[in-house]
Each structure stands twice: as C-alpha cells, then as structure tokens.
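S.K.: Each chain is listed here by its residues.
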Amino acid sequence: MNRHRLEVREVPGGRAFYIDGSLQFDSRDEAVYHEALALPPLALAAARKPAPLRALVLGGGDGLALKRLLAGGVASAELADYDPGVLELARTEFAPFNGGALDDPRAKVLARDARLHLKAPGGAFDLALADFTFPEDLAGCSLFTRAFFSAVRARLAPGGVFAMNAVSPDRFPAAFWSLYRTLASARLYPRPLRISIPSFTAHGYGDWGMFLASPRPIKDAELKALRFGRGNAWLTPATFREALTLRLSGAERGLPLSCVIKKPGDLLCLVNLQEPGGAGGGVMADFANSAAARELLAGIPGSERLVWPQLASEWEWRLMETLRLLDWDLFLSELEKNAAAMPGKALEEIKLLREKLPGLLKGAVPDTDRAWQVFALLMTLLVFVNMAYPDNAYAKGYYSHGSAGSDTSLDITFFTPDTRSPFHHPVFQGSQVLFTLASGDRARPAEVLRYRAPESAAGPAGIKEERLYFALTDDSFISKSGELYLKLGHTPYLLSAGTGRFTLLDKRSTEPLFDFLPEPGALQAALGAIEQHVKAADKALEAYKKWLAWAGPAAVFSSEIRGHANEAANIADIKAALLKASLSLQQGAAAAPLPEIPAGWERLAPGLYLADDYEIVLADKDGAFFSYPYLGLRGLTHPALSPAEDLDGFITEVLTWKNSLLAPNNPRKAIFETLLASKAGQ
Amino acid sequence: MRIAGLKKEHFKLWNDLVASSEGSGFMQSWEWSEFKEAEGAKVERLGIFEGGKLIAGALVYRVETSLGVSPLAMPHGPVLPWSDPAKAEACFVLLKERLGALAAKTGSPLARLEPFITGLPPFLGPALRAPLDLVPTPTLLVPLAGSEEELLAAMTQKGRYNVRLAERKGVEVISSPGGDLTGEFHELFQLTCARHNFSGEPVGFFSRLLEALGPAGLARVYLATYQGMPAAASVAVFFGNRATYLYGGTSPFLKRTMAAYAMHWRVMRDARGRGCAFYDMYGVAPEDQPHHPYAKFSAFKARFGGSLARLAGAHDIYFYPQLAKTLVSRLEAKGAVR
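Respectively, the protein sequence lines represent chains A and B.
In case it helps, my numbering puts the first sequence at residues 581 to 1262.
In case it helps, my numbering puts the second sequence at residues 217 to 554.
Hints were generated in silico from the structure; no laboratory data involved.
Backbone N, C-alpha and C define an ideal beta-carbon position, used for all residues, glycine too.
Do not take every clue at face value.
Subject to a maximum C-alpha distance of 30 Å in a straight line, what follows is the list of computed DSS-like cross-link-like pairs (lysine-lysine) [unchecked claim]:
1) A/K931 <-> B/K321
2) B/K228 <-> A/K1119
3) A/K1125 <-> B/K512
4) B/K312 <-> A/K917
5) A/K1067 <-> A/K1119
6) B/K541 <-> A/K936
7) A/K1087 <-> A/K936
8) A/K917 <-> B/K541
9) B/K303 <-> B/K258
10) B/K385 <-> B/K374
11) B/K374 <-> B/K228
12) A/K1044 <-> A/K1067
13) B/K321 <-> A/K917
14) A/K931 <-> B/K541
15) B/K512 <-> A/K1115
16) A/K1249 <-> A/K1259
Far from chain A, by Cβ distances over 12 Å, these chain B residues were calculated [said to hold, decoys possible]:
17) M217
18) R328
19) A432
20) R488
With these hints in hand, go ahead and build the complete structure from the sequences.
M.R.: Spelled out as structure tokens, the structure:
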C-alpha cells in the first residue's frame, strides 16, 4: 500500500528525497538531521546502561538514522516503517547514503505501522527513535499524540531514551510546545533541541525542532557529560550545546497557545493555526517569517532606548514619495537578479510585486497580500535605513509635542526615556501582562492573590483569584477585573477596596481577616493616579494606533511589531480595568463618610489607629470603632474585639513596618518598640 | 582629476577648502568628523584633486550596525565647486562612482547629500528628497557685516530693545572654549528640553563636543548670568563664514532679564570678530506655519533680523543593487549558512 508520492530528485552534488512534495532529506546535509536525531540518544543510553543496547526506529525507513545507530554499536535494532515503497528505495537508491544499513545482520526491518509495532509483544528497548514525516493529516498527527507517546514509554527500559523529530519551533511554535507538553504529560520528560538544516531552511521550513526524552528526567549534568566520538559531520559537544539552547522568543510566541495533544485533530489544528493561506505558503513569506528577517528587523541601533519612531505625516508622506519615485524598473531587475539564487517562488512573487506595484504605490492596502508584505518589508527597511543613522534621530528639533503641529510639520515623536509614557515598556509586549512596573521602570512579577470573596451582587461567596497586574503606585495595584488593592509596606497583608469596605487579606491564607472602613483619602489618591494613567494610556494608544496602521502589515515578519500590537492590546485592557476601577471607587468615595478621628490618634493603616500611644483601634466598615486587646483587656475605651492570632500577627507586622520607617533618633520609635517588646514578652 | 582618500596631512588643506566653500559647513570640517568618529561613526574622507590641488570632496559618515544599512551621510556636503557647474559635475561623477563602490563594500543602500545650498543643480541626477533632514531647513541667517549700530538697526525693534534691556539689567555673558561651563549649560539645556518635551543629549556629549572642537576655536559655550545666577546658555560653532547656534537653553525663572538676547548679541559680535559673515540660527518654522513646532523659537530668533534661507534639504541617491541585496539577501541569510 503506497498512498504517498515518493520522489527522488537529483540536486547538484547529491540527491533529495521528497514525500508528497515535502523534503525528507537532502544527501548533502542529511548528516545534520540524522546525527542530531540518533547520536545524542545513543550516547545518553550508552552512558546510562552498559552494552548491549537494544534500539528501535519508528518510521525512518530511509535507513539513515539506523545507519548511525548501527555504526554507534547497538547490539540490535528494529525498524518499523509502514511504507514499503520507502523501504524499497532505502535498499536501492539510498544504499550509498545509508551504507546498506537495512541489510545489516543486527537490523530487523518490518513494513508495519509504528502503532501496531509498539503493541506487538517483545522486550524493552534501551533507546527508541521516531522519525516521521511532517504531520499534515490526521493519520500523520496520530503519531504525535499522548496515547502514542505512552505506548512508546511502555516499550522503553526504565532509563531508556526516546528521541523524536518534531516540527519547526520557528514556524509552528504552538505545535512545537504542545509536543513538549504532550511528551511531559506522557511522563517522557522532554528536552527540546533546535537545529539549522540548510536544505530545510532553503525550503522555508525554518529551523528544525527535535526532542530528547526519557521516563527518567534527563539532567543537565548528563547532557554535559555526553561524548560523541570523532568523525561526525555535524555533531560535536559545541553544536549539541547550541542545539539545546532555545530562544525564548519562540517560547513566548508558542507557549500561550500550546496544549496537550490528546487527539490527532489537536495537532492538525495547531499546525494549521499558524499557517494562514495553507497550501500556497510562498517562499518570500517564508523568508520574511524567518529568524533571519526577525534578526534583521530587530537590529535597529539604540532600539532599546528609542523603542519606536512615530511617523509623522510628513515623514510618512516623504517616505511614500520616495517609494513612488524609486526607479522601480531598475530596482525590480536587481531584485530578480538577487532572487534568481533563491529557490522556488521568489521570482514569481517579485513578478507579483511588479504587477501590483501601481496599486500599492497609490496606497492600496490589500491586507494579506504577499506583494503587500514584500512592499511593507521594503518600507520598513527604508525606515530602518533612516533610523540607522542615529544623528537623524538626535538631530536638533526632532522632538515630540502634544497637539500643536500642522499637517506639514516635520515632527517625529520618539519614545525616549524622557518623554515616553509609563506604558512603553517591554513588560506589556507579551501576549499577557505578567509583570508590573514599580517606580524606576523595574519590572516585577505580578502577584497572584487567592482569597474568599464576600457574597455580593456580582456573585456568591467563593475563592477568587486576582492578578495584581498593574501598579498604580508602588503600593497600590489594579487587578485585571478592575479592583483596587493596597499594599501595606512589606507586610504580607493587603487591603482589597470593595464596595463600602476595605477587606484585610493575608497573602498566605485565603480567609479575609477584617472589613475596615474605606478611607476617603486612599480612594481619592487612587482615583487621581487612575486618572493620570488613563491619560497616559490614551496617549500611548493614540501613538500606537498611528504606528500600527502603518507598520501593522509588517507584523507577519517582525516579532517587534507583533510585540507592539500586543502592547496596544494590553494597554487597552489595562485602560478598561482602570476605568472600571475608577467607576466603582467613585461610588465608594461618594458613599464613605469618615468618622471623626480624635486628636492623639496615629493612623497606622487605613482604618487602623494607635490611640494615645498604647491602644490599638480599628474602624470597621460601618464606621464604628473597636478596641483590639493587643496587650490585654486593660484600659480599652471602645467595645473590644475578641483577641485572635491572625489579627495579632497583622498588628505586629504593621507596627514593625511603621517602626522601620522611623529615623533612629525619632522619639516615637520608643513607643513602637515598647509595644512590640511587651507583645513579645507576653 | 582624481579622487583619493584624505589623510591626516590633508587636514589643513581640507579645512581651508570647506571653510571657503559657500555650500558647506562645520559638519564637513575635519574636527567634526573626528568628533563623530569618537562617537562611533565611520568616516570616509574623500578628496578630489586637480593637478595636485585639492578642489572638492566629501566627508562621508556612516554608522555600522548589525543591519549594515546605514546611509552614506554627507551633512553639509559634498564639497563641490558649485560656482563652476561643469567642474562640479566632473567632480560629482568621480565622487558618485566612489560612493557606489563604498556602498557595495558597506551594503549602504543610499547616499544622502545635504549641501548648504538652496537648489540642487540638475547634474546631481535623480536624487529623492530624504524623509529626514540632519541640517534643519529652512533656517535663519543673520548677516554680521557692519558696525554694532548697524547690526542693532537690522534687528526688529523688540529685539533691539531687549538686547539693551538685558544690558541695563546687568546681565553678564561669559564664554569658554573648554568644558568649564558645560555643567551650567547642560542644566539649563535640560530644563528647556523638559519644558518643550524634546529629548536632549546627555552632558557627556557636550563635554566631548567641546573637547573635540573647543581647542581649535570651533566651538564655545556661552553663559549669560543675572546676579550670578545662570539665565541662558548656548553652544555656538564657528566655521568658515558662518557661526551656528547649535544648542541652547534658558532658565524659566529669569525670563524677564532678557538674558538670551544679551547672550546671542555676544555670540554675534564674537562671530563677527572671527570673520564670520552670518549667524545661522539653525532652523526656524516657515512663516506660513504658525503651529509649526519651531514657531515659538522662530519668533524669538526672528528678532535678531536676518533672512530665511530655504535650503534644498537632504536628498538621497539610491544604490539599487544594494537596496535589492538588503531586501533579498538579508532574507535568505538563514539559507546561506555554510
């Protein structure tokens, strides 16, 4: 049964093998792929268990991986490939490349589906390789599911090693990271590898991804200690180390979308998800999407500081003029000359660009058109050429300004450290806001808070999870759902500003401790800060609207621009949360009268007072005062609350915090210290 | 006629040529190129000789980046014998050829011409208006020929009045070619930047600028004080027949002392003493654009008299092979590994 179209093409200096038009190997650089796939697991298996080693190859009918295993001294190897056509080719056409591995006496070759083969009775393997074609249909995807990996695991010896060919972490980051998660969920603890295979890259497949996995987690020290022997075409400790290093950018792009692949369809969706247009996938777009292009676009000098130029209308107009006046005939012929060296469709796409050029120069913007992508890339490139000469950016007079400025004025707004809004920061450029900014632009992980929320109109009581994702000030935060939280210094306590109450929360437990009176001053301060931030958000959004209207189409090939789109979306989210918070706080501020605080009371925190230097008083949500028997019941002037360990702890923390704020020579320090010492002495 | 790289021994010959060329300015001076070099720019110094005599050339600036696509920038250049179009054209042909070779070597897709002239002669060929200027245009040129009375008479009435008012109030102006006033200058400069929301260079930039240009007398810091308090400061560059008001700042608290008028008046007289024919106010808003971001400064600058110079602005000559290579070969860079 041979449902697939097998093709062997002669290429200068070698042969290339295609299944259904997708490159399997190019003899000129197959060593990179097969050494990366076969040799690290072999070395690891050998390091973990003394010889003899039993190996299994699933797929990989071309015999090239098998050749490496046999050469590496395995005692026996089974190969199961369901396509007899491929096995036939391996014995004939590819024999010069695989050294006749299929007919080696140690090898047992079966034309059989890998899933069936795993179910067949037999002993455990010390190492297994999966070398399947790119998962393009449901049948192909079924070899990458959790069930399949579990079946592999069942056939591995306890410290056995599994290595598999995956997908490109560049091109299909979500699929790549889903495979990672799927392996992990099948308890085959994976280590991702990333390699550059010239022939794959030339086909626009991007850098290639593989996994090394084992039921026993693979430690760094083990990987570091691996020895690969001499005479490899590609694999050395250095190339292996490099392959183990995955760029975080790929992770960021793929991780949020990744999932555990339970059904073949999961993977099929993931693979199609990031490949709009499906079948056509043009070479130019592939290159434009390549790491090289991202590198190119990321290299703007001083970009960390300047972040982005906002193109003023004149700037943009002049740039468009430049594009209109370029000698396109000359330029296109130069492009064609250069593109002739590129494989596949590049020439066609340049022809397409030539055809569509008149429309593009008139300003027509067909949104997903490839000609437009190339054109947008050129525009972006010209911006960078201009930006590359930093004097232009720093030249006198190019400054940002607010509303003044006419249509023809030459003004460019740069987000310099002096002029940018608090929003222009990389923490907002991820797909989610996971950090907050403290003063001085320091990014901190946004805290996640879990606590039991009181019953309200919005819903019944229950455990609520909130991420404090936007710092209004260093000690007040807005959560994603638009609620205000006030931090109390470095104590583990927070106040949640709900309607009509400030609820005291302990980060270490989910139970709220006390409902304080909402303090109008704190509400007003938060409202003021919100107003400022909303203004800044509007400004930032306005700037991004303009920039993205212009640069948006280039997002296809620039992770920076994607970052900007994320940032704009995140700022819009933050703004919505701020507005929501503002609305509810305004209601709260209007409703909350503050009872009169007697002279001689010191405010420790909203609703918490030190009366006459010895008595702890709390104002509850209805404005009534209660004394807290911190040092006993003697001399209390208000109804006493019953002593509780958690409130004791809270008050001690607050007193310690307040005390730490006082200068050493401050006479009030003695009061705090006496209180704390008396408490400790009890 | 031949074109060749200039060496240190051509320093004086070159500066003399630039200084005497109407269409050039301080950014083509040898000292400025050394300053920019120290700031990280790469500079090619090209001279065109006729019978052993240096008659034209250009200091070509570029910045090496990981992109490798910096323009070949010639602010205030190229230096050509503009008054003799035939000869200028012959020089430009040589220069363009050399720039093409340089572009091929560096991958620069364009050369940016920015001579201090009002219209580009046709022999420069199809140069496109650049999206960005380095030398601001239009600018205001205040003529410096004549006696002090004549210079004052050429100012607007308000300008004249303010110059005298500042003197009556006892504003003092001191200047230095070294770094000793840089700190005071920078404080005022930063205040002004913050007020007008532009991004200013750090103080180190000015220290280095003064270090590079001060000893040769090319740059000075001016500081106007009122009763010992810094009120206005500026950095002026003197080269050839022009002095240029490059950077400035004023204190918002001492506006009424009109210290800035006294300061510029001092710069003008110093410039005249050094043989400069014009004081270049370095960029003003066109008169028909009252909302131009320069408009406020422009009104101030206009009080010193002078007339508007509408320079041609920066123009780009594209090297299509490099532009195509940048677009295509960069994209296939990944494929070209090994």
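S.K.: All hints, please: hold or fail.
M.R.: Verification of the hints:
1. A/K931 <-> B/K321: Judged against 30 Å, a Cα distance of about 28 Å means the pair holds.
2. B/K228 <-> A/K1119: violated (51 Å)
3. A/K1125 <-> B/K512: holds (29 Å)
4. B/K312 <-> A/K917: holds (23 Å)
5. A/K1067 <-> A/K1119: Distance of about 28 Å is within 30 Å: holds.
6. B/K541 <-> A/K936: Holds. B/K541 to A/K936 sits at ~21 Å (cutoff 30 Å).
7. A/K1087 <-> A/K936: violated (60 Å)
8. A/K917 <-> B/K541: holds (9 Å)
9. B/K303 <-> B/K258: holds (28 Å)
10. B/K385 <-> B/K374: holds (16 Å)
11. B/K374 <-> B/K228: Distance ~42 Å between B/K374 and B/K228 Cα, so the pair is violated.
12. A/K1044 <-> A/K1067: holds (18 Å)
13. B/K321 <-> A/K917: holds (18 Å)
14. A/K931 <-> B/K541: holds (17 Å)
15. B/K512 <-> A/K1115: Holds - the C-alpha atoms of A/K1115 and B/K512 are around 26 Å apart, at most 30 Å.
16. A/K1249 <-> A/K1259: holds (15 Å)
17. M217: Holds: least Cβ distance 27 Å, greater than 12 Å.
18. R328: For B/R328, whose nearest Cβ neighbour in chain A is about 8 Å away, the distance does not exceed 12 Å, so it is violated.
19. A432: holds (21 Å)
20. R488: Correct as stated: the minimum Cβ-Cβ distance to chain A is 24 Å, above 12 Å.
Comparing the model with each earlier hint shows violations of hints 2, 7, 11 and 18; every other hint is respected.
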